[in-house]
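From just these sequences and the hints, can you work out the full model?
Residues per chain, in single letters:
4 protein chains.
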Amino acid sequence: MKKLKIGIVGAGRIGKVHAQSIIYHIPEAEVVMVTDVVEAAAKALAEKYGIPAYSTDYMDIVNNPEIDAVLVCSPTPTHADISIAAMEAGKHVFCEKPVDLTIEKIKKTAEVAEKTGRKLQIGFNRRFDHNHGKVQQLAKDGVLGNVEIIKITSRDPEPPSPEYAASSGGLYIDMMIHDFDMAMFLAGCDVKEVYAMGTSLVDPRIGQAGDVDTAIVTLTFENGALGVIDNSRRAAYGYDQRVEVFGSLGMAAGENDGDSTVKVSTAAGVVGDKPQYFFLERYMASFIEEMKQFIAAIVNDTDVPVGIHAGLMSVVLAKAAKKSLDEHRPVKIEEVME
Amino acid sequence: MKKLKIGIVGAGRIGKVHAQSIIYHIPEAEVVMVTDVVEAAAKALAEKYGIPAYSTDYMDIVNNPEIDAVLVCSPTPTHADISIAAMEAGKHVFCEKPVDLTIEKIKKTAEVAEKTGRKLQIGFNRRFDHNHGKVQQLAKDGVLGNVEIIKITSRDPEPPSPEYAASSGGLYIDMMIHDFDMAMFLAGCDVKEVYAMGTSLVDPRIGQAGDVDTAIVTLTFENGALGVIDNSRRAAYGYDQRVEVFGSLGMAAGENDGDSTVKVSTAAGVVGDKPQYFFLERYMASFIEEMKQFIAAIVNDTDVPVGIHAGLMSVVLAKAAKKSLDEHRPVKIEEVME
Amino acid sequence: MKKLKIGIVGAGRIGKVHAQSIIYHIPEAEVVMVTDVVEAAAKALAEKYGIPAYSTDYMDIVNNPEIDAVLVCSPTPTHADISIAAMEAGKHVFCEKPVDLTIEKIKKTAEVAEKTGRKLQIGFNRRFDHNHGKVQQLAKDGVLGNVEIIKITSRDPEPPSPEYAASSGGLYIDMMIHDFDMAMFLAGCDVKEVYAMGTSLVDPRIGQAGDVDTAIVTLTFENGALGVIDNSRRAAYGYDQRVEVFGSLGMAAGENDGDSTVKVSTAAGVVGDKPQYFFLERYMASFIEEMKQFIAAIVNDTDVPVGIHAGLMSVVLAKAAKKSLDEHRPVKIEEVME
Amino acid sequence: MKKLKIGIVGAGRIGKVHAQSIIYHIPEAEVVMVTDVVEAAAKALAEKYGIPAYSTDYMDIVNNPEIDAVLVCSPTPTHADISIAAMEAGKHVFCEKPVDLTIEKIKKTAEVAEKTGRKLQIGFNRRFDHNHGKVQQLAKDGVLGNVEIIKITSRDPEPPSPEYAASSGGLYIDMMIHDFDMAMFLAGCDVKEVYAMGTSLVDPRIGQAGDVDTAIVTLTFENGALGVIDNSRRAAYGYDQRVEVFGSLGMAAGENDGDSTVKVSTAAGVVGDKPQYFFLERYMASFIEEMKQFIAAIVNDTDVPVGIHAGLMSVVLAKAAKKSLDEHRPVKIEEVME
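Protein chains in written order, with my numbering: chain A, -13 to 324; chain B, -13 to 324; chain C, -13 to 324; chain D, -13 to 324.
Hints may contain errors.
Same chains, same label: a pair holds when it works inside one copy or across any pair of copies.
Restricting the straight-line Cα-Cα distance to at most 30 Å, the calculated cross-link-like pairs of lysine-lysine (DSS-like) are [what the hints assert, rightly or not]:
1) K93 with K126
2) K318 with K91
3) K83 with K29
4) K(-9) with K91
5) K101 with K(-9)
6) K(-11) with K34
Simulated from the structure, these hints should not be mistaken for laboratory data. Remember, predicted model here, so these are calculated numbers, not experimental data.
Next comes the structure, spelled out in C-alpha cells:
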C-alpha cells in the first residue's frame, strides 16, 4: 500500500500531537516533512519522530510534489494563506482553528477549497470526543426527540497570562470558539442570534487588558432551540468539559473524565477523581480520531467530517458575541456576516 | 407546653401539605381552624386531620383571638390582603409565593409587617431542600471561594393545560419564580440585570396563549457573579431540579433525587432511577422544614428564614424577565421597581 | 373508623421508633399502653407521645382486653415468652429479632402462632428498605434471570463496647442476622450450607471476649445460587449497607444513601456525601413501612410480610456460622436444626 | 540510542497485543523476530507490523545473539521450557501467565532466573490497570489504614466453549488466576488459606466437562486480612471488573469503565454505559504499561514489577482452590506447595 505523504507546518504543541497521531496510529499515512519558522523546533520534531526532512519555509512543503496533504499548525494569522497556497498547489489541507480572525479570509479560503476541489478539514477535535460525540449521536438519531435546550460548560484549569489574553483575540474567539462549534454540532444547525455576558472575575489584569475571563453566552438556533455556554478561564478542580442536550423525549449529558473510577471513602467523605487536567489529557483520543477521519476522507474520497462552514460559523459567533458584549444587546448573526 | 394555634386559609394541595407538616412533625403547634371558599374542601381537610373548626370565611381566622399564626394558602390574588388583615389582627403570617402579582401590594404587605412587627415568612420551600441547601451552605461558608457562576435547571415533568398557562401569569412568575429566589439565595445577594429568552416548543397552544414553555434567563448579580436559569414545562424523565455554584475555589453541584440508589445492569445498559416525579415527592421534606423554621421563629422570637424581601425580589425578577422577553433586550432591575 | 389498639413492651430505642411510626404515620392504629421494667423509661415514652397508660409489667398489656396487638421490643431473652403470652391472650404480635437465641423456643413460638391463628411478624425491617426492596423486586420479577450470586456488605460505623460484644451472642447473631435474612429474602429461598470466616481486627478486646469483629460468610442457597456476606464492626466512613444480586440476565446493585446528592469539586477532588451515619438515619423509612404492613395485615386479615420462618432461619444460619467458625469447615443447615 | 531487540514467541492474540505495544508506544525497543508453530500466523504478524524476520521454531529466537529479550506468548504448556531456554541463552524474559500448570516447573523456572540473573516478568497485566492500580496505591500508601477486607468481582461477558473449559485447566487456573494475583497485589502479602465454592449455573456442559462456571473463593491473608473473589463466566451486561479494599481508615473501590460518561435520561430511566466489552478493550492500557515497565527494568537494570513469586503463588492458589472444592473444606497453602 502506498502511504499518503504528509507535511506539517508548525512544530509547536499541536503539530507534535498530529505528528504522533499519524506515526503511531495511522498506518495509511506518513509524515515526510515538517517546517517551522524556528529551525530548532522543526529539527527537534523531525528527529524525535524520524521525519526525514525539515525546513523553516512552509513553501518547501507546498512546492514538494510528493506531498499529498498539509497540516496547518502554525499561528492563527498564517492559517488561511498557507491553506490557500497548499490547496492551489493541489494538496489536501487540515487547518487548525480559527481559520482566520477575519470573515473575509475565511470566505476566501472556502472559495479556494471549492475551486480546487481539495479536501479542507478544520480542527474542531472535540466533535470526535467519546462523550460529546455520543451525546450528538443520540440527538441526531432522534433518541432525545426534538432538541430544545443545549447547555455547554467549558472551564480551563488555569488562566493564561494577561499578555496572552490580550493578544489571543479574547475569550470568545480563543476559548469559546470550541463551544460555539460544539453547540452547532449538537443542535445540527446554525445559530441565528447571540447574547453575551462577560466579566473579569479570575484575574483583574485580564479585564484591564480588555478581555473577559468569565462568560455566559446564550444562543438561539435556527431550528428554534435555545442554548447556553458558560466559560471560565480557571477551575480549581481542573478542566471542566460537559455538554447536555435536552429534547422532547429526554436528555443526554456527559460528565467529566477522570483518570480512574475509584472512589475513596474515609471520614472525610467519598472522594472521586478530579477531571483530567487539561486538553492534552482530556482530548488526546479525539485528536487521533480527527486525524484518522481526515486521512480516511482523502483515501476514500469522501467528505471531510468538519468542513469550512464550521470554520466560518464559529468565528462569526465569536464576533457576534463580542459585539453583543460591547453593545449590551442581543446580536443577530447577519449583523456580523458582512 | 402551650401549643401555638394555627389557622390555615385555603384547603387546597399546599394547605394540606402544611396541615400535615404541623400535625405530624411539629409538636409545638396545632391547627385549630381551616377556611376555604369551597366549604366541602374546608370540611374535608378538617375531618381528615381532626382540625376542630372550619369555615368559608378567612375572617373567621383573622378575628379568632386564640389563633397565633395564619398560613395563607389561598389563590395568589388574595395573598396580600389576607396577610395584611392577619398581621393587623396581630397574627404571624406564613404566605405562599408569589405574595402578589403587583409590586405595590407586595411593598404594602412589607410595610404592614414592618409596622406591626409580626413575623412574615414567604413560602420558598426549596431553600430548605437537602441538596440546594447544602450547595448554598458551602457557598456561604466560603468553601467555593468567590462565587462566579450560578446555574439552575428546573424542568417540570408535564406541561400545565394551556388555560392554566394563560391565567397563571406566565412561566416567569408561575414557575421560574422559584429559580429566581434560588439564584439570589445561592448568590447571597440580589440581581441587578436580567436577560430573558423564551419560546414555545412543548405545546404550541401555550405559545398561542401568549406564554412560553421553554426559557433561558441570564442574571447579573450585584456582587458581579453571572447566572443562568433554564426551564422547561416538560421533561420526559421527570422533575429535573439541579443547581450548581462555581467559585474561585471550586464547584458544588446537586444531582436529582431518585427513589433508590439501585443500578440495574443488563444487556440494555446500566439503568438508574429517574428523578422523583414532581414537587410533592421531591420537596416534601423541604415543606416540613420550612414550617418547622416558621414555628421556631415565632416560638423563639427570631427572624424568619425567608422574609418579604425575597417575596418582593422574586416577583421583580419575573417582571424584569417578561419585560426583557417583550423588548428583546437586557433589563435592569430598577426599571421594574417603579 | 375504630383504631387498632397497640401495646408496646419495651420503651428502649426500638420501642420509641415503633411508637413514633404509629403515632405519626399510621392513622389506623393508636398506642394505648407501654411497659418497661424500668418505670422511668415507660413513663417518659408515654409522656413524650401522649400514650395514656404505662406500667412495669408486660402482663398489663397481655391482660388488657382492649389491646389488639403487641409490639415486643424488650431484650432478646424475653421475646419468645412475651410473644407466646400475648398470642395466647388473643393478640397479634410484632416481635423484634432475634426471636430467641434457641431454636427450640423459636419453634415453640411458631407453634403457638399456628395454634392461635394470630398474626406474628418478625422485625426484619431492612426488607422494607427502598434500595434493598427494589433489588429484591427486580430479582423476584425475573428481570435479572436466574439468580446466581448474591453479595451483601454490611458494616457498622463504630464498634460496640467489648462488654456488649461479649453479651450479645456475638457478631453472627447480633449483627449478621440481618444479612442472613436479607440473603434469603433476595434469593427467594433458604440456605443449605454455610462457611464462616471471622477474626478480630477492629478491637482486640472483642477477640479476647470470644467474638469476631470482621467476618466473611459464604452461603449455598437451596436453588443452587452462591452468596457472600461481609461484615465489619467499624467503617471509618459510616454505615455501609449494600446488596447486589447477579443473575443470568443481569445485575441489580444498591449504593449507600447519603444526606444529599451534592458533589463538591475542589483542588482536593470530587467529594460526595458519606453514607448516612447509622441505622436510625438509614433505615427510618423501613421501620415505618414494616409497621404499616403489620397493621395492614391485621386490618385486612392477610399474611404478614415477614413470618416466623424468617425468624427461625436467620437464627439457624447464625448458629451454623458460629459452628463453621469453631470447627473450621462448611456446615450444613440440618446440622444445627436439631 | 541503541534499541532493545525483542523476539516474540507466539503470534496469537496476546503476541499481537505486545507487538503493537512495543511498535507504537515503546521507542526504546523494536521487535526483530516472531515465531509461531503455525507459519502463516508468524508471517501475518511480521508483515502487519513490519517485523523483519519470522520462523516456526522458537529456538531461532533463543539462538539469535542479537536478541536481548523474549516475550513468551505461546500456549501454557510451553511457557516454562521456552523461558528457561531463553534465560539460559542470556535473554531477559517476559512470560505470559500461568507460567506452568505444575508447581515443579514454575520453581525450576524461578531457579534458572536466579542462576542466570536474567529479568523474568510474569504477565499479570491487571496490576497496571488505572483503577486497580490506584486502589493498590492507596492501600500501600496507608490511606486506608490496616487492610482488613478485600473484595474482587470478575465476570466475563460470555462463557467459553465447553471444550475450552475442559482443556484450560478449569476456571480457577484459567480465569481466577488473575484475581488471585490481584488479591495478593492489593493485600501486599501472600494468602495462607483458601476456601472454594464453585458450581455450574451458566452452561451445564461446563459442569459435565468437570469444571465450574460460577465461583466464590474466600481467602485468609498472611497479614490476617480476609478476602473474597467472585467469578462468573457470563455477565449479560459485559465484562465486570471491580476491586474493593476496606481498611481501618476507609475503603477504596473501583467501578467499571464504560466507553463514555454519558447518561441518557428518558421515560425509561437514567441509562449509562455498560462496562467495556472484554479484556482487549478494558485492559489495553495495562498491556502497554506492563510492557513499558518490562523494557524499563531491562534498560535501567532494576527489578521487574511482577516477578516469578507472583507466577508461583497464583498457581498455588488455583490449585488450593481446586483441592478445596474437591474436598469441600478449607485448604492451607502449604498443603499444595509440595
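Against the structure, the hints come out as follows:
In this assembly of identical chains, K93 and K126 lie within 30 Å of each other by CA distance solely inside one copy; the values are 28 Å within and 50 Å between copies. Proximity of K318 and K91 under a CA criterion of 30 Å is satisfied intra-copy only: 21 Å inside one chain copy versus 39 Å between copies. When the C-alpha separation of K83 and K29 is checked against a cutoff of 30 Å, the pair qualifies only within one copy, where the shortest distance is 24 Å, while the shortest distance between copies is 43 Å. Taking the closest pair of Cα atoms, K(-9) and K91 come within 30 Å of each other only inside a single copy of the chain (27 Å); across copies the shortest separation is 52 Å, beyond that limit.
Taking the closest pair of Cα atoms, K101 and K(-9) come within 30 Å of each other only inside a single copy of the chain (23 Å); across copies the shortest separation is 51 Å, beyond that limit. Taking the closest pair of Cα atoms, K(-11) and K34 come within 30 Å of each other both inside a single copy (20 Å) and across two copies (14 Å).
The structure is consistent with each of the numbered hints, conforming to all of them.
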